[in-house]
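A.B. asks: Sequence:
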Amino acid sequence: MSMCYNQPSGEGDPAERPGSPNGLGHQREKIQGSGKVMWVWRQFKSLYEYIVLYGGLLLFALACLAWSLPASVLRHLMPQRIAERVGQYAIMLVFRSYLFVVRASGLVKCDLTALDALRGEPLIITTNHPALIDVVLIGSRLPRMVCVLKANLLDNPLLGGGASMAGYIRNDSTGNLIRRAAVATRAGSQLLIFPEGTRTVSPPINPFKGGFGLVAQKAGVPIQTVFIEANSPFLGKHWPLLKKPEFPLVYRVRLGERFEANGEVKAFVSDLEDYYRREMQAQGNRGAA
Numbered sequence: 001m002s003m004c005y006n007q008p009s010g011e012g013d014p015a016e017r018p019g020s021p022n023g024l025g026h027q028r029e030k031i032q033g034s035g036k037v038m039w040v041w042r043q044f045k046s047l048y049e050y051i052v053l054y055g056g057l058l059l060f061a062l063a064c065l066a067w068s069l070p071a072s073v074l075r076h077l078m079p080q081r082i083a084e085r086v087g088q089y090a091i092m093l094v095f096r097s098y099l100f101v102v103r104a105s106g107l108v109k110c111d112l113t114a115l116d117a118l119r120g121e122p123l124i125i126t127t128n129h130p131a132l133i134d135v136v137l138i139g140s141r142l143p144r145m146v147c148v149l150k151a152n153l154l155d156n157p158l159l160g161g162g163a164s165m166a167g168y169i170r171n172d173s174t175g176n177l178i179r180r181a182a183v184a185t186r187a188g189s190q191l192l193i194f195p196e197g198t199r200t201v202s203p204p205i206n207p208f209k210g211g212f213g214l215v216a217q218k219a220g221v222p223i224q225t226v227f228i229e230a231n232s233p234f235l236g237k238h239w240p241l242l243k244k245p246e247f248p249l250v251y252r253v254r255l256g257e258r259f260e261a262n263g264e265v266k267a268f269v270s271d272l273e274d275y276y277r278r279e280m281q282a283q284g285n286r287g288a289a
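Numbering follows full-length UniProt numbering, in which position 156 of the sequence shown is assigned residue number 156; successive positions increment by one, without gaps.
Honestly, the hints are just simulated from the structure, not real lab data. Predicted model only: the values in this text are computed from it and were never measured. There could be a bad hint or two in this list.
In silico BS3-like pairs for lysine-lysine, Cα to Cα no more than 30 Å straight-line [to be verified]:
| no. | residue 1 | residue 2 |
| --- | --- | --- |
| 1 | K209 | K237 |
| 2 | K244 | K36 |
| 3 | K244 | K45 |
| 4 | K150 | K209 |
| 5 | K244 | K150 |
| 6 | K109 | K218 |
| 7 | K266 | K209 |
| 8 | K109 | K150 |
| 9 | K209 | K45 |
| 10 | K218 | K266 |
| 11 | K109 | K237 |
| 12 | K109 | K45 |
| 13 | K150 | K45 |
| 14 | K109 | K266 |
| 15 | K243 | K45 |
| 16 | K150 | K237 |
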């Protein structure tokens, strides 16, 4: 006679029992707990990134102001050439200190060592201009750099005193710009010019302004092309200031060819723009590959 045994409800395989440590309910609790941990981690990570990013920018602004105020007085008390060298070196230290802080956070990576080869040479340095940080990247490696700035920046109390002491040049007078550029390069400085005149709007580059070609020609020194490569449009022309980018931010600077500003100025500017466009399109193709 066959016998059937009906297992009581709730007493099946221990793995299927709702109250079992290995049951589905326990697994769901573990998954939910893991999800909460990940959510907390993401919030903490985002908060850390905001603190580093905007805390760093605040410290940078305070450092600029802390130097600009005494510099606006010191530049009148020192011989001009000495004041300019002190001012240029001080700006390099401010830029370098800011980059040290953000790099130490692990959120920013920079390879700027190619610029070290340009120290001590009187040059005009031209570069593309993807973001506000470009002058900081280049100035952090060059203790004798002079920059052409918009006139309103030199009138700004945050930057004006330090920039004026360093011999930075206003762009609102072509005659003054040409004269000051020649003086700076004859003194052994590197003159930084952004040929686009503003941050890039339409990649790979904006059309070049013709005025820089005349400056380069009158200065009578070689023109060293430089390329700034970045993995993010952060602080670009249309980037909202409070928008957080994806991290890490990666910046790399590489040197291009050297040119002499000979011949007709318009043709020289056109040739240099074509060179930048070709190089940056090739760079974009390499990145896509």
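A.B. asks: Run the distance test for K150 versus K237: straight-line Cα separation, threshold 30 Å.
C.D. replies: Cα-Cα ~15 Å, so holds.
A.B. asks: Can the restraint linking K109 and K150 be considered satisfied, given a maximum Cα separation of 30 Å?
C.D. replies: 28 Å, holds
A.B. asks: Taking only the CA atoms, is the gap from K150 to K45 under or equal to 30 Å?
C.D. replies: 37 Å, violated
A.B. asks: Does K237 sit within 30 Å of K109, going by the straight-line distance between their CA atoms?
C.D. replies: The hint holds at about 21 Å.
A.B. asks: Within 30 Å, alpha carbon to alpha carbon, are K218 and K266?
C.D. replies: Between K218 and K266 the Cα gap is close to 14 Å, so the pair holds against 30 Å.
A.B. asks: Going straight from one Cα to the other, do K243 and K45 come out at no more than 30 Å?
C.D. replies: 15 Å, holds
A.B. asks: Could you grab the alpha-carbon distance between K150 and K209 and see if it respects the 30 Å cut-off?
C.D. replies: 14 Å, holds
A.B. asks: Run the distance test for K209 versus K45: straight-line Cα separation, threshold 30 Å.
C.D. replies: 42 Å, violated
A.B. asks: Given the proposed pairing of K109 with K218, does the C-alpha separation stay at or below 30 Å?
C.D. replies: 37 Å, violated
A.B. asks: Given the hinted pair K109 and K266, is their Cα-Cα distance within 30 Å?
C.D. replies: 38 Å, violated
A.B. asks: Compare the distance between the alpha carbons of K266 and K209 with 30 Å, and conclude whether the hinted pair is satisfied.
C.D. replies: 10 Å, holds
A.B. asks: Do the alpha carbons of K209 and K237 lie within 30 Å of each other, as the hint requires?
C.D. replies: 17 Å, holds
This entry does not satisfy hints 6, 9, 13, 14, going by the numbered hints stated previously.
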